[in-house]
Amino acid sequence: MLVEFELIQKAQAGDGAAFNQVVVAYRKRILGTIARLIGRPEDVEDVAQEVFLRLYYSLDQLRTPEVFEPWLYRLTVNASYDYLRKQRRRNEARMSDLSEQQVMMADAAAGGRVSSEEHRLKQVKDLVDALLGSVSEQDRILLTLKEVEGLSLKELEKIYGVNENALKVRLFRARQRVLNAFEANQKGRSAKPVERKS
Amino acid sequence: MEHPNDKLRNDELDALFSEYKAALPDRDASANFMPQLWRRIEGRQNTLFRVKRLSQYFVAAAAAICILFATMLAVPNGNEVSSSYVDVLAQAYPTENLASHGILDEADTK
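Top line first, the protein sequences correspond to chains A and B.
Going by the numbering used here, the residue at position 98 of the first sequence is 98; the numbering climbs one at a time, nothing skipped.
With the second sequence counted from 1, adding 1000 to any position gets you the numbering used here.
Be careful, since some hints might not be right.
Dumping the calculated BS3-like pairs for lysine-lysine here, alpha-carbon to alpha-carbon at most 27 Å [unchecked claim]:
#  : chain 1 : residue 1 : chain 2 : residue 2
1  : A       : K187      : B       : K1021
2  : A       : K122      : B       : K1007
3  : B       : K1021     : A       : K158
4  : A       : K28       : A       : K158
5  : B       : K1007     : A       : K28
6  : A       : K168      : B       : K1052
7  : A       : K154      : B       : K1007
8  : B       : K1021     : A       : K154
9  : B       : K1021     : A       : K86
10 : A       : K125      : A       : K187
11 : A       : K10       : B       : K1052
12 : A       : K125      : B       : K1052
13 : A       : K10       : A       : K158
14 : A       : K125      : B       : K1021
15 : B       : K1007     : A       : K187
16 : A       : K125      : A       : K168
17 : A       : K28       : A       : K86
18 : B       : K1007     : A       : K168
19 : A       : K125      : A       : K86
20 : B       : K1021     : A       : K122
21 : A       : K168      : A       : K158
22 : A       : K125      : A       : K28
Computed footprint of chain B on chain A, listed as stretches where at least three residues anywhere in the stretch have a Cβ under 8 Å from a Cβ of chain B [as the list claims (entries may be wrong)]:
#  : stretch
23 : 20-34
24 : 42-49
25 : 52-62
26 : 123-136
27 : 168-182
Partial list, derived from the structure: chain B residues whose beta carbon lies under 10 Å from chain A [stated by the list, open to error]:
#  : residue
28 : S1030
29 : M1034
30 : L1037
31 : K1052
It is worth saying that the hints were derived from the structure and are not from the lab.
If you're wondering where the values come from, they're calculated on a predicted model, not measured in any experiment.
Heads up, the beta-carbon is just placed ideally off N, CA and C, and yes, glycines get one too.
All chains, full assembly: derive it from the sequences and hints.
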């Protein structure tokens, strides 16, 4: 735990300064997790604020200190899921307005403004975003928490409140789908492979 | 047994995921983060407060209407019926009249 439970208790009692301290202690970690869950840096703060807003209004339901972090992760997962669902709907509408050529030109223009390392990282980010786009929002989040955030099955069990076996099955299926998408992507790019870190 | 090609793909995917984490490292919030958060908290508080007050008004109005109806039922009104329906009918139509209408024999009325 990054903070003492007494601090959380003070925040529960309505102490604004204590709540501030809790937010300050966790915000960097939560911002990083959200950035990787949603893949859109420009909206990370907005989603993080939604997480802490939900934390503020549900803090009185917390009884034991052990569950604080899984609980905070759960709020993060829910807020990210809500965001991704809205975003998918918005993107479907927006992308249908652009021709393929326009999309390619916009991509190329964006690529030209950044350094080669930034460009490579952007390619990695775009590729992972596209691969994670092959699974549902729930599976995307679950897979990101496991594979990118490095959470253990035990931690995921606490966050999701389901047993380890169910999580394993779901993770396996999601990973298979991502692997298939990865394979299809690699085949498509076989003439021009993706730049990778040596 | 896992196919060597599958293992390679799995390893490549793992490497890609760790590069993804490097591409999106933990970051600190902007200076506006906390003020904006408190603004949102206060905004929600005001909305909740308004909804709570509105629901209190509704509850008070509903209670007042209930009391009004209960009072209307409890207070007896002036034209309360003291006799039964048959008695009222008998009073309105005496047996003599029934005989004149041919409903009863005159002998029965005596």
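Now for the hints, and whether the structure bears them out:
1. K187/A x K1021/B: holds, 24 Å
2. K122/A x K1007/B: holds, 26 Å
3. K1021/B x K158/A: At roughly 23 Å apart (the allowed maximum being 27 Å), K158/A and K1021/B satisfy the hint.
4. K28/A x K158/A: holds, 22 Å
5. K1007/B x K28/A: violated, 34 Å
6. K168/A x K1052/B: violated, 44 Å
7. K154/A x K1007/B: holds, 25 Å
8. K1021/B x K154/A: holds, 21 Å
9. K1021/B x K86/A: Holds, because 24 Å separates the two Cα atoms, which is no more than 27 Å.
10. K125/A x K187/A: Satisfied, since the Cα-Cα distance of roughly 19 Å is no more than 27 Å.
11. K10/A x K1052/B: Roughly 25 Å between the alpha carbons, so the hint for K10/A and K1052/B holds.
12. K125/A x K1052/B: violated, 45 Å
13. K10/A x K158/A: The given pair, whose Cα atoms are some 24 Å apart, holds under the 27 Å limit.
14. K125/A x K1021/B: holds, 9 Å
15. K1007/B x K187/A: Holds: K1007/B and K187/A sit about 17 Å apart, inside 27 Å.
16. K125/A x K168/A: holds, 25 Å
17. K28/A x K86/A: holds, 24 Å
18. K1007/B x K168/A: At roughly 18 Å apart (the allowed maximum being 27 Å), K168/A and K1007/B satisfy the hint.
19. K125/A x K86/A: The given pair, whose Cα atoms are some 20 Å apart, holds under the 27 Å limit.
20. K1021/B x K122/A: holds, 12 Å
21. K168/A x K158/A: holds, 14 Å
22. K125/A x K28/A: OK: K125/A and K28/A at ~20 Å, within 27 Å.
23. 20-34: holds (count 8)
24. 42-49: holds (count 4)
25. 52-62: holds (count 4)
26. 123-136: Since 5 is at least three, the answer is holds.
27. 168-182: holds (count 4)
28. S1030: This hint holds: S1030/B lies near chain A, its Cβ roughly 6 Å from the closest one there, short of 10 Å.
29. M1034: Status holds, d = 7 Å.
30. L1037: holds, 5 Å
31. K1052: Violated. Min distance 13 Å.
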